[in-house]
Amino acid sequence: MSEAAAWLVLFLPLASFLIISLVIRPFFNRYSQWAGYLTILAIGGALVLSLMALKATTGHEGPIGWDPHSWITVGSFNLRLGIYMNSLTAIMLVVVSGVSLMVQVYSQGYMKGDPGYARYFAFMSLFTASMLGLVLASNVVMLYAFWELVGLCSYLLIGFWYHRPAAAAAAKKAFIVTRLGDFGFLLAILYLFFHQGAIAGQGLNSLEIPDIYRAVQTGLLGTAVLTWLGLGIFAGAVGKSAQFPLHVWLPDAMEGPTPVSALIHAATMVAAGVFLVARFFPIFEAAPATLRLVAVIGGATAVFAATMGMVMNDIKRVVAYSTISQLGYMMLGLGVAGLAVAREGHVTAEVARAAVAIGIFHLFNHAFFKALLFLGSGSVNHATGTVDMRLMGGLRKVMPWTYITFVIAGLSLAGVWPLAGFWSKDEILAVALKEQPVLFALALLTVFMTAFYIFRVVFLTFCGEYRGGAPGEHGHDAHAHGKPHESPPVMVVPMVILSVLAVISGFWNVNGAFSVFMGEGQTKGFFEGFFGILAHPLPWIAMIVAGLGIFLAYLMYGSKRISAERMGERFKPIYTLFYRKYYFDELYENLFVRRSLVNGLFAGFQKFDTNVVDGAVNGLANVTVATGKGVRRWQTGQLQLYGLFMGIGIVVIVLVLLFAG
Amino acid sequence: MDFLALTPEWSLAAFAIAVILLSLFVRDRLVLALFSLAGVIVSAAVAIGFATWLSGSAMVVFGNMLVVDSFALFFKLLFLGIAALLILASLDYAPKFAESQGEYFALVLLSTLGMMLMAATTELIAIYVALELTSISLYVLVGFLKEPKASEAALKYLLLGAVASAVLLFGMAMVFGFTGQTKLGDIVLAILRLAPDNSGASPALIFGVVLLVAGFGFKIASVPFQMWVPDVYEGAPTPVTGYLSVASKAAGFAVVLRVFYSAFIVPDWVAVDWGMLFAVLAAISMTVGNVVALPQTNIKRMLGYSSIAQAGYLMVGVATVGLAPATDIVGRSSILFFLAGYALANLGAFIAIIAVSNQTNSDLIADYSGMGKRAPLLSLALTLSLVSLIGMPPAAGFIGKFYIFSGAVQHGLLWLVIIAVINSVVSAYYYMRVVKVMWFGEPASAEKVPSSAALKLALTLTTLGVLFIGIVPGYLMRLAQAASNIFVF
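For the record, the sequence lines run as chains A and B. Reminder that position 501 of the first sequence reads as 501 in my numbering, one-by-one numbering, no gaps. Reminder that position 174 of the second sequence reads as 174 in my numbering, one-by-one numbering, no gaps.
Just so you know, the hints here were simulated from the structure itself, not pulled from any lab data. No false leads were slipped in.
Straight-line distance between alpha carbons at most 30 angstroms, and here's what the computed DSBU-like set of lysine-lysine pairs gives: (1) B:Lys448 - B:Lys149; (2) A:Lys560 - A:Lys483; (3) A:Lys560 - A:Lys397; (4) A:Lys172 - B:Lys436; (5) A:Lys112 - A:Lys172; (6) A:Lys607 - A:Lys172; (7) A:Lys629 - B:Lys149; (8) B:Lys146 - B:Lys96; (9) A:Lys629 - B:Lys436.
Because the structure is a prediction, the values reported are computed rather than measured.
Assemble the whole structure, with the sequences as input and the hints as a guide.
Here it is in structure tokens:
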């Protein structure tokens with residue numbers, strides 16, 4: 001793997017974006033299908049190169065060291081661009097380009113006939129490029145630039161159908177809410193920038209990620225500094241990964257096209273927060289207080305989001321809450337694994353990597369089954385023209401492929417042996433049990449709820465009788481079909497591929513190979529791991545809990561032995577609380593935005609602005625323009641005056657220099 | 001041997017004469033332009049050859065009156081590049097020169113020759129001669145249209161230029177009177193001998209320095225020696241205006257850097273004196289240029305004032321040089337970097353203006369209304385040029401300003417940088433007004449704006465150059481640093 005090949009991973013989708021937006025869209029919009037082909041080609045190329053990167057990092061001790069390239073050097077300030085290629089990078093590259101490729105193929109069918117076809121693929125290419133760049137960056141500034149770019153692409157794609165007010169509002173909300181977290185991340189970067197003196201003496205550059213690692217390891221940065229840095233970085237991660245309390249944007253983001261949700265809001269961008277924590281794990285590791293925060297926020301978010309997922313009627317929103325919940329799971333995994341390592345006292349980069357492996361393994365598995373769940377919802381939505389599960393039902397018969405793949409993904413999500421989700425979830429549960437019983441209890445509760453809500457979706461959507469589909473008020477998604485039908489092969493094939501991955505991706509760590517790849521642990525026999533795990537009680541507990549969730553869902557929505565309405569009535573306060581999303585939207589909207597900000601702070605700002613700032617600015621502008629007009633009058637065209645002016649100038653300068661100087 | 005060192009200049013002179021002779025027989029302006037272009041390319045090739053051969057070392061010739069070093073070569077190539085772009089862009093404009101197209105191209109080559117010498121001379125008399133060669137060619141070029149307005153502009157330029165020359169000569173005489181030397185290297189030694197410490201400033205020397213600043217200030221269009229700029233810019237043929245605003249200014253800065261940094265760098269009080277003088281002039285130039293540009297309605301006049309303001313930003317760099325310790329090269333190289341970026345952006349703007357005014361016969365900003373619909377690519381290029389002049393990413397102007405300002409801040413000129421940044425904000429208003437009119441205004445007619453392939457090529461080159469320098473500044477930065485390394489004492 002050469003460095004050029006690694007750069008190509010980023011440049012292929014970027015080139016696709018440039019060609020689509022600068023050539024195809026302005027000049028050949030008639031042939032916009034080429035935009036789709038080009039995107040698939042570019043991302044396919046990126047996937048091949050990513051797999052090469054995976055191969056190159058396997059068994060490679062530490063990162064593949066490519067020297068960064070100097071970009072701007074002014075005095076002591078040196079900004080460099082480079083690639084930091086280690087196993088974490090490689091695994092993320094494969095996830096991003098792999099899921100992206102599946103989603104692009106699927107989009108060929110889903111977006112067919114949309115007037116914004118070329119624009120869609122341009123944004124998708126740009127997103128993929130930015131996400132790959134974010135993963136590859138060897139430097140905090142570069143990482144932040146791509147971090148903001150993925151946020152921008154998310155904004156553009158959520159608001160893809162910008163003529164729909166809900167989509168436009170959701171895009172705005174996503175952008176603003178994540179911005180709050182990004183601000184923390186930015187502060188952390190600025191902190192690094194302004195304190196580079198502390199580590200510059202050792203020849204380290206505080207903006208380079210490998211140098212930050214070294215500074216942490218050699219103890220150049222104190223615990224207090226590291227704690228602040230960790231908090232800032234985690235704030236960024238909370239925003240992007242939609243963790244409590246910045247989770248409110250992700251469900252609304254479902255207004256975008258469903259493949260966008262699958263790629264950005266399930267598999268990649270929202271996982272960037274988890275990636276960020278993993279990337280800067282040495283910082284967190286050296287400041288255990290931040291790890292505790294990561295674990296607690298993660299665990300709380302996992303339960304909290306799952307409760308809301310249980311009561312939503314919009315299929316995409318259920319999956320969205322599930323995503324938030326699972327991201328919380330990953331954070332929990334990173335946090336407790338990190339704490340376990342920190343407790344043992346020897347914090348080395350190698351051990352830290354083992355902790356990272358636990359969180360990232362769930363990210364890896366989750367990417368496939370969650371993308372599949374989204375693509376399945378998209379397929380259902382494509383067929384029925386609605387996202388409201390109360391209008392679906394009975395689709396099992398007409399959409400067998402969608403049904404089977406969805407159930408596989410659901411079982412994987414619920415953590416049923418031997419599907420992918422089981423393996424990574426088991427690791428997190430095991431380490432949580434060892435480290436912190438309360439968090440373990442939360443995680444186990446989440447397992448129950450997860451199994452319940454996802455099978456609620458399965459029973460409501462695919463079983464029973466068809467309940468009519470779209471009432472016909474929806475914009476794009478209403479394809480105005482008479483009867484629901486299976487999606488075209490171009491959509492089904494990616495789903496099938498992903499469903500295979502949703503089964504087998506977890507096998508990677510059955511024998512511990514994933515942990516070894518990430519830099520720690522040793523392998524055992526595959527079958528020993530595969531069946532041996534069933535000799536432990538914990539997997540059985542988790543699976544029984546999940547089974548109870550599935551069974552309850554069956555009783556309520558499958559056989560209807562228990563009336564869902566009556567349950568809702570009996571637990572009405574709780575149901576309403578969940579259904580209204582704990583009133584967070586209202587809280588933010590009314591209390592923070594309207595009361596405090598709009599009526600309080602902003603009103604004050606506005607008064608200040610109109611009276612003081614505007615006054616000053618207008619005054620200054622008037623003076624400036626008046627001066628301009630005044631000075632212009634000197635420009636009479638009279639030659640003598642010009643000469644005189646020069647003469648006076650010289651005399652004044654000489655006098656000032658001689659007598660005042 | 002000494003003659004060989006000037007091969008780029010000789011070859012250019014030969015081509016200039018040959019163009020005039022050729023124009024007796026050939027009337028086709030394409031042939032004349034291509035022939036001149038060939039001259040520029042030959043000269044540039046030789047200069048690049050010198051650069052690789054010398055690889056950083058200097059070649060001193062003609063009894064230490066001329067030097068071929070990386071600083072001189074950097075500017076020579078800059079001037080040649082500007083000349084090449086200008087020749088390409090002039091093709092659309094040349095029909096207006098009727099019979100005298102050959103002379104036009106010859107004069108462009110000759111003035112370029114003068115500028116190349118300006119960057120290479122290290123002796124006061126030689127500097128003066130080179131400067132006059134440049135100026136006299138430019139006087140003629142300004143009046144080339146033979147319209148009343150152009151003739152008036154040329155006459156004003158000539159008379160005020162003569163005054164400035166006199167002032168410069170007087171200043172040189174004062175310096176000679178004080179030191180008894182005309183070679184820059186000897187002047188610095190003489191000053192050290194005559195005024196070895198900081199015990200007292202010498203009025204004669206200060207007077208001489210001020211007069212030099214005034215004389216060069218005319219070239220670089222610094223306030224209060226800028227009065228000629230608006231009238232001349234407006235009256236001159238548009239390609240010549242573009243040429244004046246970039247090449248002539250760059251040549252002025254080349255001489256300023258060479259003279260002040262070679263001859264007046266010690267003792268400290270001399271350097272601080274002219275450093276502070278340039279700092280104050282920079283503040284005034286930026287402010288006057290930007291403020292007066294605001295109410296302008298003619299785009300050439302507006303860019304004239306804008307070029308005064310840009311000279312102000314560049315003088316921030318010169319002031320940094322005066323105040324910086326001799327080992328610091330950020331200040332010096334930043335001027336070179338900024339000049340290259342500015343040359344591309346400003347030239348790009350003028351090339352776009354040539355194309356537009358050929359079609360509309362107007363230089364009023366109001367007539368650019370809806371140009372985005374009539375000539376989208378042209379408008380895009382003009383927009384990028386203006387964005388660069390404001391100093392916004394991703395254009396070259398951003399990095400250039402960042403570079404100059406960060407150097408200034410490091411050497412205690414924070415107050416000046418604050419003024420400069422405020423000025424940049426003010427300038428955004430008038431640059432952006434043109435952009436707004438182009439993209440959001442209603443087109444006056446649906447007619448497209450035609451332009452020749454040569455002009456398109458020139459505009460493409462400037463646009464790509466501006467983007468390239470803005471996105472990958474490293475190459476130019478290294479060149480600029482290498483070029484300004486020669487002044488390390």
